[in-house]
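Protein chains in written order, with the working numbering: chain A, 1 to 677; chain B, 1 to 275.
These are computed hints drawn from the structure, not numbers from a lab. The reader is advised that the hints may include incorrect statements.
Listed below are the simulated DSS-like cross-link pairs for lysine-lysine, each with C-alpha atoms no more than 27 Å apart in a straight line [unchecked claim]:
1) A:Lys241 <-> B:Lys103
2) A:Lys47 <-> A:Lys498
3) A:Lys249 <-> B:Lys103
Just the calculated beta-carbon pair ranges, DEER-fashion [said to hold, decoys possible]:
4) B:Lys267 <-> A:Ala177: 58 to 66 Å
5) A:Arg134 <-> B:Gly191: 44 to 52 Å
6) A:Ala177 <-> B:Glu161: 23 to 31 Å
7) A:Thr20 <-> B:Glu161: 41 to 49 Å
Idealized CB from N, CA, C, for every residue including glycine.
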Amino acid sequence: MADLFGMTGKIARVDLTKETVTVIEPEEEIYRKFLGGSAMGAYFLFKEGIFDPNLDPLGPDNLLQFMVGPVTGAGPNARITLVTKSAYNIFCASTCGGHFGSEMKYAGWDGIQVVGKASKPVYLAVMDDTIEIRDASHVWGKGVEEAELILKSEVLAELESREGMLRDADLNPTWAAMRPPKRTGMHEKRLAQVMAIGPGGENQVWYSCVVSEGARASGRWGAGAVMGSKNLKAVVVRGTKGHRLADKKTFLALVSGIQKSERGDSFWRAYGTAGIGANSAYVEDAFPIRNWQWCSWADPHVKAITGPFMDQTSFVRKTSCYGCNLHCMYPVEITSTDPLMNNVMSDMPDWEAMGMVGGNLGYMEMEGTDPGQPFTGSTRDQAEHLAKLQYTTFIHDNNSLDFIEGGNNLALVMELVQRGFIDKNDLDGIDMQWGDVHAVDEMVKKIVARDGIGDKMAQGTYETARYFAELKGKPEILNYAMTAHHYGQPAHDVRSPKDKNAMEYVTVNRACAHTGGGTAGFKTGDWAAAIAGQNVNAAQNSLVHCQFAAGHWAGSRIDLIKAATGWSDFSDEDLQLVGAREYALSRLFEVHIRQLKDPKAEWDRQVPPRWFNDPLPTGPEKGAVAYEGKPDVLFNEALPAYWKERGWTEDKGIPTLDTLKKLGIDDVAADVAKQHL
Amino acid sequence: MAEIKRRDEAPKPEKEPKKTETSASGVSRREFLVGSGAGVAGLVIGGVIGNQVIGKPAAPAVEAPAEAPAAGEESPYKAGYNLVFDPVQCTGCMECAVACSEKYATLLHPEETANIVSLEFARIRPMRFQYVDVVNFCSYCQLYEWAEGSSEFPCAAVCPEAAIATIPEGEGEAGYYGMGYKWVDREKCLGIDKCWRCAEICEDQFASGMSFDPIDRKAQVCSRCGGDPECVKACPEPGALTWIPAARNGRYFANRPSDYAELLFRKIYAHVREL
Numbered sequence: 001m002a003d004l005f006g007m008t009g010k011i012a013r014v015d016l017t018k019e020t021v022t023v024i025e026p027e028e029e030i031y032r033k034f035l036g037g038s039a040m041g042a043y044f045l046f047k048e049g050i051f052d053p054n055l056d057p058l059g060p061d062n063l064l065q066f067m068v069g070p071v072t073g074a075g076p077n078a079r080i081t082l083v084t085k086s087a088y089n090i091f092c093a094s095t096c097g098g099h100f101g102s103e104m105k106y107a108g109w110d111g112i113q114v115v116g117k118a119s120k121p122v123y124l125a126v127m128d129d130t131i132e133i134r135d136a137s138h139v140w141g142k143g144v145e146e147a148e149l150i151l152k153s154e155v156l157a158e159l160e161s162r163e164g165m166l167r168d169a170d171l172n173p174t175w176a177a178m179r180p181p182k183r184t185g186m187h188e189k190r191l192a193q194v195m196a197i198g199p200g201g202e203n204q205v206w207y208s209c210v211v212s213e214g215a216r217a218s219g220r221w222g223a224g225a226v227m228g229s230k231n232l233k234a235v236v237v238r239g240t241k242g243h244r245l246a247d248k249k250t251f252l253a254l255v256s257g258i259q260k261s262e263r264g265d266s267f268w269r270a271y272g273t274a275g276i277g278a279n280s281a282y283v284e285d286a287f288p289i290r291n292w293q294w295c296s297w298a299d300p301h302v303k304a305i306t307g308p309f310m311d312q313t314s315f316v317r318k319t320s321c322y323g324c325n326l327h328c329m330y331p332v333e334i335t336s337t338d339p340l341m342n343n344v345m346s347d348m349p350d351w352e353a354m355g356m357v358g359g360n361l362g363y364m365e366m367e368g369t370d371p372g373q374p375f376t377g378s379t380r381d382q383a384e385h386l387a388k389l390q391y392t393t394f395i396h397d398n399n400s401l402d403f404i405e406g407g408n409n410l411a412l413v414m415e416l417v418q419r420g421f422i423d424k425n426d427l428d429g430i431d432m433q434w435g436d437v438h439a440v441d442e443m444v445k446k447i448v449a450r451d452g453i454g455d456k457m458a459q460g461t462y463e464t465a466r467y468f469a470e471l472k473g474k475p476e477i478l479n480y481a482m483t484a485h486h487y488g489q490p491a492h493d494v495r496s497p498k499d500k501n502a503m504e505y506v507t508v509n510r511a512c513a514h515t516g517g518g519t520a521g522f523k524t525g526d527w528a529a530a531i532a533g534q535n536v537n538a539a540q541n542s543l544v545h546c547q548f549a550a551g552h553w554a555g556s557r558i559d560l561i562k563a564a565t566g567w568s569d570f571s572d573e574d575l576q577l578v579g580a581r582e583y584a585l586s587r588l589f590e591v592h593i594r595q596l597k598d599p600k601a602e603w604d605r606q607v608p609p610r611w612f613n614d615p616l617p618t619g620p621e622k623g624a625v626a627y628e629g630k631p632d633v634l635f636n637e638a639l640p641a642y643w644k645e646r647g648w649t650e651d652k653g654i655p656t657l658d659t660l661k662k663l664g665i666d667d668v669a670a671d672v673a674k675q676h677l
Numbered sequence: 001m002a003e004i005k006r007r008d009e010a011p012k013p014e015k016e017p018k019k020t021e022t023s024a025s026g027v028s029r030r031e032f033l034v035g036s037g038a039g040v041a042g043l044v045i046g047g048v049i050g051n052q053v054i055g056k057p058a059a060p061a062v063e064a065p066a067e068a069p070a071a072g073e074e075s076p077y078k079a080g081y082n083l084v085f086d087p088v089q090c091t092g093c094m095e096c097a098v099a100c101s102e103k104y105a106t107l108l109h110p111e112e113t114a115n116i117v118s119l120e121f122a123r124i125r126p127m128r129f130q131y132v133d134v135v136n137f138c139s140y141c142q143l144y145e146w147a148e149g150s151s152e153f154p155c156a157a158v159c160p161e162a163a164i165a166t167i168p169e170g171e172g173e174a175g176y177y178g179m180g181y182k183w184v185d186r187e188k189c190l191g192i193d194k195c196w197r198c199a200e201i202c203e204d205q206f207a208s209g210m211s212f213d214p215i216d217r218k219a220q221v222c223s224r225c226g227g228d229p230e231c232v233k234a235c236p237e238p239g240a241l242t243w244i245p246a247a248r249n250g251r252y253f254a255n256r257p258s259d260y261a262e263l264l265f266r267k268i269y270a271h272v273r274e275l
């Protein structure tokens with residue numbers, strides 16, 4: 001095969017049922033079309049027939065892919081995208097930072113794909129070309145933090161794992177008499193990187209994620225449940241082969257330039273995403289509070305969700321992903337008068353956590369008050385509120401749960417209790433009142449264990465709402481499920497005109513993703529601009545590079561790809577096409593796996609009714625509703641116009657055969673498209 | 001306490017006829033050694049004493065730096081310094097390792113690594129233990145004569161080929177090795193397939209400062225870039241990685257990585273975590 005740079009040209013296919021590892025060597029043409037990451041993953045979902053509606057996402061035939069791109073490795077950060085068919089029966093392409101992506105490239109792999117199901121708990125030990133399926137019974141049941149620290153020591157390069165050779169005679173007699181060698185050999189280096197699931201993934205909670213470095217996660221759409229369904233606890237990788245680059249000098253100079261630019265970025269380097277808190281609540285009016293009943297507190301004195309307050313209270317240090325100078329993650333140690341939370345190690349929380357398992361669970365108000373009232377507490381009270389939020393972040397991370405979907409799920413139940421639809425008798429005796437971290441702790445334990453009501457809630461927000469709606473014979477309960485396309489809404493509301501636009505969540509190719517892009521275009525109705533924004537973001541998830549650092553990359557992105565791969569003619573247009581291909585494939589995937597006859601009615605319109613029904617009650621955008629309160633304009637005018645601009649049909653949003661041909665993906669997708677056109 | 005004096009003026013190749021001016025500090029190396037080492041037992045200076053005690057022939061026959069700065073002028077190459085990292089400031093971004101690896105891969109394996117970035121040539125490696133980062137590199141441990149029968153570096157003491165040498169001022173290659181820091185004589189080193197005593201004694205009793213390159217499979221150890229470490233220059237976080245006058249035996253900086261991580265969990269998080 002052609003001499004490849006940037007990529008290694010090899011993807012490992014591990015079959016856990018047969019206990020075999022085979023190597024896939026895609027043609028260079030495939031890399032040029034899809035780059036890697038999410039678009040490449042989408043391609044394989046089609047190539048391998050994962051679009052089959054009868055294929056059980058949690059069955060052995062599902063394909064779980066760990067994919068990186070041509071600049072992952074020595075690039076200025078190391079994200080990895082996990083692509084699979086989600087337990088929710090939707091498209092999953094979820095990215096994660098840390099060091100794992102780089103290490104996988106250094107081990108010589110563009111991807112690791114897992115099929116089948118192991119007969120007992122296992123983990124994959126990837127040491128360069130060698131991939132072993134190893135017993136994981138000693139870490140099964142453990143949280144991600146402990147499991148990772150144990151597994152890290154078990155995968156060493158050959159050079160680092162020699163048996164003992166030292167004899168007493170190698171030391172001088174005085175030394176040997178004082179402290180003879182133990183002759184235990186070499187094994188002290190810890191250079192492996194780990195992605196693991198916790199008990200949530202093991203028990204196949206639908207919204208479980210895959211976690212690296214204790215708090216970084218391929219968070220959304222439930223890749224952890226798929227991993228758990230395969231009895232796969234973790235993938236541990238150690239690579240010594242390095243990253244092969246067409247023009248190393250240029251590549252490293254570009255990386256260095258990006259890093260220098262990042263060093264001047266005081267926004268990210270100050271508090272990471274925690275810096276957005278106050279702005280989101282008090283300027284944008286788009287912060288999730290009590291299941292989105294409010295999006296800003298009436299009293300802007302609530303400040304436990306802000307970067308400075310979190311830093312003053314708890315930030316201990318800052319950590320970077322490989323090669324990045326933004327160090328946006330801050331590990332913390334929780335200090336609280338409540339022994340449940342005191343001394344627990346957690347992280348920040350980041351932007352999504354502070355919304356979804358902070359404001360959204362009613363942690364930030366004094367007892368007996370609601371967000372519409374003045375704040376009467378002290379700084380000390382706010383520190384305790386922050387502790388609750390950080391503790392809830394920790395229990396989601398350590399059990400490998402997505403706190404976005406999890407926060408919506410818990411907040412739904414709390415609102416149903418608030419409104420009297422259900423009470424603690426429906427919740428195995430747990431009294432889910434706003435702000436009660438002990439109740440949340442008990443409920444999360446039940447969800448993770450799939451015990452009692454936890455077994456129902458383990459299927460996510462929408463299914464929880466459906467369960468209670470049927471149980472109580474009250475379909476209006478579904479109005480309180482804050483999900484779009486059956487997946488929980490992240491911490492950006494669409495009622496305020498200052499944050500996301502409703503069209504963004506309706507059209508994004510991964511259910512209710514907040515990282516889809518194209519915001520400005522959607523707000524102005526410039527569909528071409530919106531699509532270009534979406535395509536760039538999809539291509540970022542294929543490269544794979546971080547959206548936080550995107551501003552620092554943007555000017556060098558194409559040059560980096562060229563320097564890595566040697567594709568001297570690669571252009572922005574090619575990058576757009578990568579995103580367009582992923583969008584076309586993922587759209588067909590969603591329509592086909594659910595066998596939608598009328599996608600608009602059955603799928604696209606599944607958004608939170610609250611968007612249009614409940615005007616914002618407080619804050620600078622008080623009274624606002626989504627899309628100016630015109631859902632029909634959104635779905636009957638804007639959406640078809642957007643589809644048309646993408647070259648999809650205006651009635652169902654199916655990519656036309658002509659479009660597929662133009663994108664060069666008719667070979668894998670045309671047969672599926674024909675069934676729905 | 002004995003005063004610790006720095007040696008950061010120009011290196012003066014010993015073979016050269018001595019110039020008439022004294023250095024800026026007015027302290028010759030011998031005076032410096034006596035002043036710092038003799039007064040307080042156990043207080044010694046990293047590489048410089050090692051060089052004196054080991055007394056092995058300086059290994060690689062490399063020309064002295066072509067243009068040594070004039071005497072009295074500030075030299076970038078410092079003797080008697082040590083490398084220290086601050087685990088609170090370090091973010092684990094790996095830029096030190098990339099800088100180190102690139103520098104020595106290009107020096108030693110230019111053809112093989114013309115198109116490859118690999119961290120395996122780095123003498124410094126950050127290791128992430130989730131919430132703490134341990135930056136792993138040779139600490140310049142020294143044995144104590146009165147207790148351990150030698151004042152050598154432990155790795156050098158167990159090397160059967162005397163391949164781990166201390167390169168004195170005026171020898172070595174400016175910016176790579178010299179100025180009283182270690183260097184592995186790659187001709188003498190037997191390589192990992194025959195011998196790993198240096199690495200094993202390090203991991204057995206001190207830390208994990210030795211590694212092996214993946215091409216020749218010979219030992220690698222931090223040479224402090226001959227007194228001007230590339231990693232320190234590459235580090236983006238002020239204070240995370242510093243190059244400071246050594247004030248004590250390097251062995252008290254040294255811990256095996258997982259032990260170090262355990263200590264950092266205690267220090268940073270008041271958290272006892274067994275690793």
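Hinted pair, alpha-carbon criterion (27 Å max): A:Lys241, B:Lys103. Please report holds or violated. holds, 17 Å
Pairwise beta carbon distance, B:Lys267 to A:Ala177, judged against the given window 58 to 66 Å: violated, 34 Å
Pairwise hint evaluation, B:Lys103 against A:Lys249, where the allowed Cα distance is 27 Å at most: OK: A:Lys249 and B:Lys103 at ~12 Å, within 27 Å.
Check the hint pairing A:Lys47 with A:Lys498 against an upper bound of 27 Å on the C-alpha distance. violated, 40 Å
Given the range 23 to 31 Å, decide if the beta-carbon distance of A:Ala177 to B:Glu161 lies inside it. holds, 25 Å
CB of A:Arg134 to CB of B:Gly191, is that within 44 to 52 Å? violated, 29 Å
Satisfaction of the hinted span 41 to 49 Å by the C-beta atoms belonging to A:Thr20 and B:Glu161: holds, 44 Å
Comparing the model with each earlier hint shows violations of hints 2, 4, 5; every other hint is respected.
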